[in-house]
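One-letter residues, chain by chain:
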Amino acid sequence: AQSVTQPDIHITVSEGASLELRCNYSYGATPYLFWYVQSPGQGLQLLLKYFSGDTLVQGIKGFEAEFKRSQSSFNLRKPSVHWSDAAEYFCAVGAYGSSNTGKLIFGQGTTLQVKP
Amino acid sequence: DAGVIQSPRHEVTEMGQEVTLRCKPISGHNSLFWYRQTMMRGLELLIYFNNNVPIDDSGMPEDRFSAKMPNASFSTLKIQPSEPRDSAVYFCASSPTGTGAYNEQFFGPGTRLTVL
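From first to last, the protein sequence lines stand for chains A and B.
Numbered according to this note's numbering, the first sequence spans residues 1 to 116.
Numbered according to this note's numbering, the second sequence spans residues 1001 to 1116.
Derived from the structure by calculation, the hints contain no laboratory data.
As the structure is a computational prediction, the values presented were derived from the model and not from experiment.
Ideal Cβ placement from N, Cα and C applies to all residues, glycine included.
There's no promise every hint is true.
[What the hints assert, rightly or not] Chain A is nowhere near these chain B residues, computed Cβ spacing over 12 Å in every case: (1) Ser1027; (2) His1029; (3) Leu1032; (4) Leu1043; (5) Glu1044; (6) Asn1051; (7) Pro1061; (8) Arg1112.
[What the hints assert, rightly or not] Distance condition first, Cα-Cα at most 25 Å in a straight line; then the derived SDA-like pairs of lysine to any residue: (9) A:Lys61 / A:Thr5; (10) B:Lys1068 / A:Tyr25; (11) B:Lys1024 / A:Gly41; (12) B:Lys1068 / B:Arg1009; (13) B:Lys1078 / B:Val1089; (14) A:Lys49 / A:Arg77; (15) A:Lys68 / A:Tyr25; (16) A:Lys49 / B:Glu1044; (17) A:Lys49 / B:Asn1030; (18) B:Lys1068 / A:Ala95; (19) A:Lys49 / B:Gly1003; (20) B:Lys1068 / B:His1010.
Only chain B is shown next, with the shape it has when bound in the complex (with noise of 0.2 Å):
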């Protein structure tokens, strides 16, 4: 398997435009995690969906950021508009679930933004 693909790797903007962020999942995986990771933050989770329905969205930060996964094998993350303070790398992550255990979760290898 290739594992969680993320496009693009690195997106660098302009204040103001907006940033499409995707994602696709490693296949027969019904959980997706969007998360983004600052020095001064850490790791935070942003939005995650289960079986594309979005269930916890409480993380993202503003009315400017909105997550669809419109189905199993994509996912996207958009800003607009973008901000200097959005700047960060942006991960996505998916994991096996329902069997009742909680399974790892996998991780692609992030987006960096940088708004200037």
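Bound-form chain A, shown alone (with noise of 0.2 Å):
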């Protein structure tokens, strides 16, 4: 069954450090993938998003993902990280077949905490 797997369930960085976050799929074909971030009391707001093309999508705040096919990743990175970046992160991709209605597969989660 299509899946996303967020390996990492919780996270602690300190301010200024670097930050990747994992992410991995399964999919039979091209993916249509998608970074969400959560902050504390919020709706989920979209980071990034890969369709085609480079390989290397560079998103809001800062951040980048980088889909590897060979891998089935799709990890987000963040070169410095902010005390404001402290949030649950999404992971997901476009249901296979689903693209009328948009549907995605969402994985677990990641909550990042950063240390001051």
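Assembling the complex is the task here: the two chains are given apart, and the hints tell you how they should meet.
Printed below as a string of structure tokens:
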């Protein structure tokens, strides 16, 4: 069955340090991939998305993600984390055969804590 | 645009009472999604509509849950009777579809439901 796996439930990094959040997916064709962020008490907000083309995708708030087909991965990175980046991060993939309805499969999320 | 609008933002009710959550999608979006988020189960897709028609309600936990979309600008999620285990944050999201590609889902701020 199609799935998205975020191996790390909780990550803690120091402010100013680099960040990488992992995401692995299962999908039979070229996937449509997304990263969302959820700040405490808020809804999910799109950080970036990959549909095709350049495998390194730039997003908002200084985030980027790299699509690696050979590893079925779409990891999220940021060179220097700010305290305001503390939030929950979700990876998602377009559900196979659902492009006309827009259904996404979400991972379980990774909670990022930032130490001062 | 005002984004996806959900009401109420907070709801506290007693077990056995009927609860109705409301959602107004972004104008022009033709897919609407209802999610539930809890600490234990994470983000779960309950049901989604395309062009006001329910496409997949397999995520609806029980017959106590029902959802409607009478027109393109309004949807409701009803729980009757409510139980304490229904306590969660309920999100509504909308998406423009029909272009042959997956587009991002835009999330509302959520309704925090507490059933006593």
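For each hint, the structure was consulted:
1. Ser1027: Label holds. Min Cβ-Cβ 16 Å, cutoff 12 Å.
2. His1029: 9 Å, violated
3. Leu1032: 9 Å, violated
4. Leu1043: With a cut-off of 12 Å, leucine 1043 of chain B comes too close to chain A, as the shortest Cβ separation is near 5 Å.
5. Glu1044: 9 Å, violated
6. Asn1051: 9 Å, violated
7. Pro1061: The assertion about proline 1061 of chain B holds, with a minimum of 17 Å to chain A.
8. Arg1112: Non-interface label fails for arginine 1112 of chain B: nearest chain A Cβ at 9 Å, not farther than 12 Å.
9. A:Lys61 / A:Thr5: 23 Å, holds
10. B:Lys1068 / A:Tyr25: Measuring from Cα to Cα gives roughly 32 Å; hence the hint is violated.
11. B:Lys1024 / A:Gly41: With Cα atoms ~19 Å apart, lysine 1024 of chain B and glycine 41 of chain A stay inside 25 Å; holds.
12. B:Lys1068 / B:Arg1009: 19 Å, holds
13. B:Lys1078 / B:Val1089: At roughly 14 Å apart (the allowed maximum being 25 Å), valine 1089 of chain B and lysine 1078 of chain B satisfy the hint.
14. A:Lys49 / A:Arg77: Distance ~13 Å between lysine 49 of chain A and arginine 77 of chain A Cα, so the pair holds.
15. A:Lys68 / A:Tyr25: 11 Å, holds
16. A:Lys49 / B:Glu1044: 21 Å, holds
17. A:Lys49 / B:Asn1030: 20 Å, holds
18. B:Lys1068 / A:Ala95: 23 Å, holds
19. A:Lys49 / B:Gly1003: At roughly 19 Å apart (the allowed maximum being 25 Å), glycine 1003 of chain B and lysine 49 of chain A satisfy the hint.
20. B:Lys1068 / B:His1010: 20 Å, holds
Checked against the numbered hints above, the structure breaks hints 2, 3, 4, 5, 6, 8 and 10 and satisfies the rest.
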